[in-house]
Every structure is written in structure tokens, then in C-alpha cells.
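Got chain A; can you put chain B on it based on the hints?
Chains as they are written, first to last, in this note's numbering: chain A, 1 to 358; chain B, 1001 to 1596.
Rather than coming from a laboratory, the hints here were simulated on the basis of the structure. There may be inaccurate statements among the hints.
List of simulated lysine to any residue pairs, SDA-like, C-alpha gap at most 20 angstroms [said to hold, decoys possible]:
1) K1234(B) with Q1207(B)
2) K199(A) with P149(A)
3) K195(A) with R1226(B)
4) K199(A) with R1226(B)
5) K1361(B) with R1382(B)
6) K129(A) with V162(A)
Partial list, computed: chain A residues near chain B (C-beta under 10 angstroms) [stated by the list, open to error]:
7) R125
8) L167
9) A182
10) R220
11) Q221
12) A225
13) F265
14) G283
15) A286
16) L295
These numbers come from a predicted model, not from an experiment. For each residue, glycine too, the CB sits at the ideal point set by N, CA and C.
As a plain string of letters, each chain reads:
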Amino acid sequence: MEHRIDAWLVLAVAGILGASLVTQNAVSQVVGTQLLARQLLWACAGMLTLIILSRIRLDHYARLAPLAYGLGLASLVAVLFFGEVRSGTRGWFAVGPLTLQPSEFARVATILMVAAWLGRCSGRRLSAKEAAGVAALVLATAGLVALEPDLGVTLTYLPVAVTALWLGGLPRWAWIWLVILAIFVGVAGWNTVLKDFQKERVLTVFNPERDPYGVGYQVRQSKIAVGAGGLAGEGVGQGSQSLLRYLPAQHTDFAFAVWAEATGFVGATGLLLAYALLLYRIGMAAAVAESRFGLILAILVGGWFAFQVVVNLGMVLGLLPTTGITLPLFSYGGSSLLSTCVALGVVQSVWRHRLVNQ
Amino acid sequence: MEIREDLGPVRLRAIMLLLTVFILFGALHVRIAQLQILEGDHWRAMAENNRLRRLPLASVRGRIYDRRGHVLADNLPTWNLLLFPDEARNLDETLLFVAGLGVTDAASLHTRVNQRGVDRLAPMVVGENLDWQQVARVRSHQSDHPELSVVAGFRRHYPFGAATSHIIGHLRLVSEDELRSSVNLDPSTRVGATGIESLADDFLTGQAGERWVVVSAVGRQLGVVRENPSASGKDLAVTIDAGLQQVAAQALGERAGSVVAIDPRNGAVRIMYSAPSFDPELFSGPLSPDSWGELTNDPRHPLQDRSLQGTYPPGSTIKPFLALAALTEGLVTPNWTVHCAGSVILHGHRFRCWRRGGHGKVDLEHSLEASCDIYYYQLGQRLGIDRMARWLGIFGFGQPTGIGLPSEASGLIGTPEWSRRVRGTPWYAGEAVSVSIGQGPVLATATQLARAFAALANGGRLVTPHVVVDPDQAGFFDLDLDQTHLARVKRGLESVVHGETGTARSLAGLPVAGKTGTAQVVRLQEGVDSKDLAPHLQHHAWFVGWAPLVDPEIVISVVVEHGGGGGSIAAPTAATIFTAALEQSPGSPSNNGSQE
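Pulled out of the complex, with its shape left as it was, chain A reads as follows (with noise of 0.2 angstroms):
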């Protein structure tokens, strides 16, 4: 049986995507490209997608897991090869007219294997083997996105080996190798992967006046972006900082700051009580779900959702090192948009499939 959809879950999406739309139009006038035409599109296509995806049942998707994955493990492979490169990067295929970046569509394949393989592990904790099975799902699509080179969205793929692994159930030993090995890897990254500008952005987030001009530039207009907007904002469209260009990125990682801007405390607050909704609501979706592979589903999703509202505002508001992850359904991007969309489309199947009363 298939019970309706999540209206509450919709409505925070469509909020979102609301908030998104305004900000993107009143960015256009800055940036010099109409924005607001293109991601209106991929905003129809995803709400499109959510609820087409919604109505098909879950054990599909438990089924069409490893292809899905399989799949996104070819696409990766083959934009090494073929894709285009933007600032540095190949990470993207010309698709006519638009561009598809496969690193965000094989994360939501990575979410389904990762559930698919767990949901068959019965145990109150994971074996080594089962452990060691998530990681390298993990590790491979979170691999090559890494070989592109794209920072950001290699970053996003560590939520859903952390939510998986805590889910799946490790021994208290196990927890406390992963932090020193996490701490090991961070020292030695900082020593050796991270370039000084990198280094310069992580040293800003705790003396913000540590260089206010140079690397801590983006961060302190953000803030400034952000303050200015006051209690009621300065109005959509009005903004003097996002405006004028003092704010960089402004459409795609610094989009909150905008809205922040324009709509102030009250909007700000709007935003992230949506985000919260919505976070709320795929909590809600697994606690209904009665398979192990719906629930670890839904909490993957939501844990890497979670992970990018927080570490994407956390730049913005000052708190963490800029690190080029976007806000998820708010910054500027179809394929982030769409895939977006397909996760939360899988969630709502998880909800509409879900057993009561029986």
C-alpha cells in the first residue's frame, strides 16, 4: 500500500527552493547573467523528480542499488577522461546546453549502496569485514571525485561514511582509533596536502583579523553581508554589500549570506527553521521505516543534508574555514539541486512505503 506524501517535507522543500529563487533573481542584476530562469527549471525538474521517485517502492531501490552505484562508479571514471574543466577541475560533462557534475548524482548512488550493504548486516554492531565494506564503497566514489580535484564535494562524502559506520554500530576501541587515526590524518594532511591558502583559510576561522584584506577577505564580507542585514534586512534586491560585489561567490557559497542580507534576523531565522523542517521530516521517515535499509536510508541522507546546511553556514557566519561546500537547495547549481531532489525523492519512499497497522 502507498500512503500520500509528505506534505510538511514538500512544503519546507518548496520553501527552500522559494528562498532560493528570490535570492538567485536579485543576484542576476550583479553577476550580469539571468540565473534566475535556469535554476527555476532545475527547481521544477527536481520537485518533478522528488515525487516521481517517491511513488516507486523500496525494495526497487534496494534492488537497483549496486547498478546505481556501478553506474556513478563509471561516470566518475569517464569525466576524468571526457569531462570539461572548470577553475582546476574536471568535473563535468556538457550535456548540449547544460552541464551535469557527476561527483553530486554518484554520492546519492553511494547513499544506496551503503544502505543496501548495511541493511543486510543483522548484528547489533558491524563486523570488521562489514565495516571495512562501507569504507571502501566510500573511499572509491569519494576517491575519484578527489582525483578531479574537488575538495568540496570529497568533504561531502565523509557524512556518510561517519553516519553509516555509527549506525551500523562500531565498539568503543573502534571510535577511539578512528579519532587518533582522524588526527593523524590531519596532521599529516596539514603538513603535507593542504596548500598555505588553505592553511590561511583554516588559521582565519579563529583570529578573523588574522589578515582581513587577504585570504580573510571572503569570510569577513560574508560577515559583514550577513550583519548588515540587521533584524528586518536591508530588502531583497537592496542589499549594499551583495549588491555592490563586495561579496564574493555570491550565487553559489556565499548565496546564504545574500538572503541574510536582504531579509535579515527574520528571514535568516525563516531559512534555517525550513532547513530544520525538513531535517525533521526525513527523521520522521526513518523512524516509520520497518527495513533496516529504509531507516539507514533516510538517517544517510538526512546526515549528509545536515552536514552541508552546517558546514556551508558555519563558513558563512564565520565559524569554519571556507571549503567550497554549498548550501543544499539554496546555492546555485542544477545537478546539486537535482540530486538533491533524487535523495529526498528515495526518503519520501521510504515514508509513503512504510507498514501501519498491520
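Frame of chain A, contents of chain B only:
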């Protein structure tokens, strides 16, 4: 799928995760409240004093040096006025203030501001080459007009001015197309428009830089966000001899025409002057419509580079090449003679010699010395138009010389085939008779003639004239001429200057050989003397020759528009330049140009 799994532990962990997320959301909300409510005023004040500007950093264009190290193109420091239109509180008032400075007029400024692109951070250059009073006025009103900024820039300066304006060239503003195709270009960027400035533009142009700065509400610079430093262009040494170029300019004086001199050993251009000339620095700053109109409406067309674009009938200067052609083809011998009675009837028309009384018996050397037209009418008849055209082509007529400068004219060699294809009218046999004395459908530039005479001077090698030494360039093309034939022709050309009946006896004191030419603009009617013609119908005067006689080092080609006779006008002009060239380079090894 298995129903009623034990989902308890997973659910518990999921709930813990959700709680963590909501705690984080709470923290974010607190942060938003802190920034917007608690610190709102602080950040708003910051926003007031937070103006980002993109300042262009001018790159220094490479200097151009002549072969002796004189600077031909230099850069002078100057003050420019920038406007950041989006920062203006009252743009109209600002524009009035700028117009009041006298650097530009309000109307054109308005148009430019309204048509500016979308890049709002980029300033507009609203004034160039400000004087101290203008700078002082802007500075004293800085707090009223923080959107205005005086910055240092460079202005192209040509120390030799009009004497080198065509060959060195001048600058122009980048076009709309170039702006669209390159993101690094600023609308106020100037690039090479003509001459060497255009030929070597990539070499001379540096990389413009930019500096992003944050300024306060009153325009004070608070800090530098990012800087891409500019890179200077490279300096260029050219083969031009600025001293000789000046001599040529003075020798030509007020008359229209051009002087081209090349080193016959390698093709290096020493002089390339076109008159009338103009001040190339007019184009280094904003060009007023008045000056532009004056330049373009001048009936003497000062902007035209006559040395490369001016095509004239070569007149008698064509004769040595036809003589060489006929000798090589075996159609005449050096001792073959023609009797010149002042005119001859060919194809039913009477063709005249320039000397009404005739030259009498004329052989090859004498035909060159006295420039007898009858001899060449007869020689041309033996050669025929196709062979004449082929041999003129061998010496580079009718095709660009390959100098590489923009808009070089090809000149023309008329043939029956050309007449049919291009002109669309039948070819008349009489036209070939005219061609054999360099009249009618045959046109050449002074540069082409200098190159062709260089091939005679250097023993039969066709060089490529050049102003910039290119190591990859093929030095010359060997025409494989018969040296005894060439020696006869050269002896004839020496007699032009040193012979008793030579047409260029005014040069007799110099070790020069060459040929005069007088190209008719209109055909003279019976009984009309050329001296009675209106100035614009007067003949074009030519002299092309080389010096010294042994191992020639310079070939000079002079054409004077409507100058009258080659011997009376062009040859004395050439004499002045030859004198200067021989003084500068008395055959001493250090000055003979072999280093190029």
C-alpha cells in the same frame, strides 16, 4: 525484505544523530542572532566603510630603439583620473565636476557612463594626462568626491615626432571586439595601431595588472585584498636609422612623397618616411574629434603611409630591369643600337621620347644614362608584355615585399590577362609600349623599387626588407643573374650620375649609381609643356640608387608626388640623404650594419 527486524539500536543511534544536528542548528542560530541583532550596528558601520575597488595597474610598453640606440618610442609618466561610477552619491554632480576640470566634456562623459559594462568594480578612465592644477583640484575635493581617484599612468612619447610617425606607428584604444575576447583588457588600454607599434605589438605589450583594495567611505585606502602585478613589455631595437630618417624628412620638406632606404646586403630598412606626416602623439591620449577630422579631411592624406601604400607609375626607374630581361632572354645585345629621333610610330600611334629632339644613336648603357624612351619602346616590343610582366615579377614588382607591416600595397603589373579578369576591358597593344617606360598599367611603391634596386646593387639577390631582425627569416633569394649582363646595366646606372649626358648629374660628386624617373600623371597634349600643368597634374619624380659604387651599403628610393622631373627634384633630394648616409657610414667596419 525481512519484516520486523530488530531496529532498536539503529533507531537509538539515529535519534542521537538527529539531536546532535539540532544542537548544531541551535548554535548556528545563536551565531546569526549575534551577528545580526547584537552586533548589527557594528557590521552596518563596517559596510559603510567597506568599498572594494579594482585599480588597474598600467604596464609599461616596451621602448623602441633605432639601430644606433636612439629612443624612437618612449613612455612618459602621467596622471590619469579614475571614476568609480557606482560609488557616487550624486553621479550627475560628479560628472559636472569632472567636466569642470576641463579634461573631457559632460555630454560624452554621460554617454560613456551610461554605456559602461556590468563590471561595477572596474573604474572608468575619465581623464588622461592631467596637469598639476587639475590634479590639485581633484585632490582638494577628494572628500566631496571619494569616487574620483588620481592614479599614475604612462603616455606614449615619440622623440622624433612626425619624422618617424608612419614607420614607428601610433596607438589606438582597444576595440569592442578585443575587449569582449579578452577579460584582461581594460577599456582604456591602448594597443599598436600602425607601423612597428602594430607589427611588434605582442612583443612590446606587457601584462596589465590589477589591485583590489578596500577603501573607506571618503576614499581612503584601507587595505589591499589582492594584487596581480603588472609586467613590462620588452624593448625592441629596429633597423631604422633615426638620424637618416630626420634628414629624409627635412630633404622632402613640405612636398608629398616618400623616402625608403634599405641595406642591399641584408634588406634592413634604414629609412622609411612618408610625407606629409603628422604628430603620432595625438593618438597617445584621447583624440579630439577636431584633430581627427583635421587629419582625415586633409586632402593631402597625412595618415597614409606612402612608402608602403602609395603606388605610383615607376616611370624610367623600370628601365634597368627590362634591359636586364632583354639581355638575359637574348633579345638584344649590349651593342644593339636604336636611333632615337624624338618619336616613333608603333601600332598606329606616335610615341614620344622625353627629349623632343631625340638622342640619336643609342646603345644599352647610353639608353640608361640618357633615359631614352625610344630605345625602350623598341626593347619592349621585342620582349612583349608577358615577358616584361614575368621579369618585373622576378624583381618583386606586383607583390608585397614581405616587410610585415600592416596594409602593404602590392602595386600592379598590367597584362592582357589582368586586363580581362580585373579591368574587364580588352588589352591594347599600345599599353605594352607604355609599360616599357614604366607608364600605363604598372604601379609600384617606393619600397618595391628600393628592394628591386638592392637586387641590382648586391649582385642579384632579392632581399626581404625588414625593420625588425628575425633570425628565422630567410636572408635573400638568389635570382641567378648573368653577372656580365648585370655589370653592363650597373655601368649604365653609374653613367646616369657620372656620365656626360646623365639625367642625375646633380649627384656627380657622390659615389652613387641610380636611375631617375618621371611618371606622368596625365598624357601631355601636343605643344603643352609639363611645367605649365596644374600642381596636382604635375609628374611624379623618382630617384632610386645606391652608394657607394663598390660594395653598396645603402639603396635609397625617393618619390616626390607631382614633383616634376626626376632629375630636377627627386635626385637632389636623394643627394642630401646620400651625403648624410655616406658621412655616417664611411665604409668603416663598425658601422656597416653587418651586426644585423
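*So, G283(A) near chain B? Judge it on the closest CB pair being under 10 angstroms.*
5 angstroms, holds
*Tell me if A182(A) is really an interface residue toward chain B, meaning its C-beta lies closer than 10 angstroms to one of theirs.*
17 angstroms, violated
_Need the status of pair K1234(B), Q1207(B): alpha-carbon distance at most 20 angstroms?_
Judged against 20 angstroms, a Cα distance of about 11 angstroms means the pair holds.
*Closer than 10 angstroms between Cβ atoms is the bar; does L295(A) clear it against chain B? Give me holds or violated.*
This hint holds: L295(A) lies near chain B, its Cβ roughly 6 angstroms from the closest one there, short of 10 angstroms.
*asked:* Given a cut of 10 angstroms on the nearest C-beta pair, is the interface hint for L167(A) held or broken against chain B?
replied: 5 angstroms, holds
_Can you verify the interface hint for R220(A): is its Cβ closer than 10 angstroms to any Cβ in chain B?_
8 angstroms, holds
*Measure nothing beyond the straight line between the CA atoms of K195(A) and R1226(B); if it is 20 angstroms or shorter, mark the hint as holding.*
It holds: about 18 angstroms lies between the C-alpha atoms, which stays within 20 angstroms.
*asked:* Min Cβ distance, A225(A) to chain B: is it shorter than 10 angstroms?
replied: 8 angstroms, holds
*Per the CB criterion, is R125(A) less than 10 angstroms away from chain B?*
Given a least distance of 8 angstroms, the restraint on R125(A) holds.
*asked:* Just to be careful: measuring from the Cβ of Q221(A) to every Cβ in chain B, is the smallest value less than 10 angstroms?
replied: 8 angstroms, holds
*Does K199(A) pair with R1226(B) here, judged by a C-alpha cut-off of 20 angstroms?*
17 angstroms, holds
*Mind checking the CB of F265(A) against every CB in chain B and telling me if the closest is under 10 angstroms?*
Status holds, d = 4 angstroms.
Of the numbered hints stated above, the single one contradicted by the structure is hint 9.
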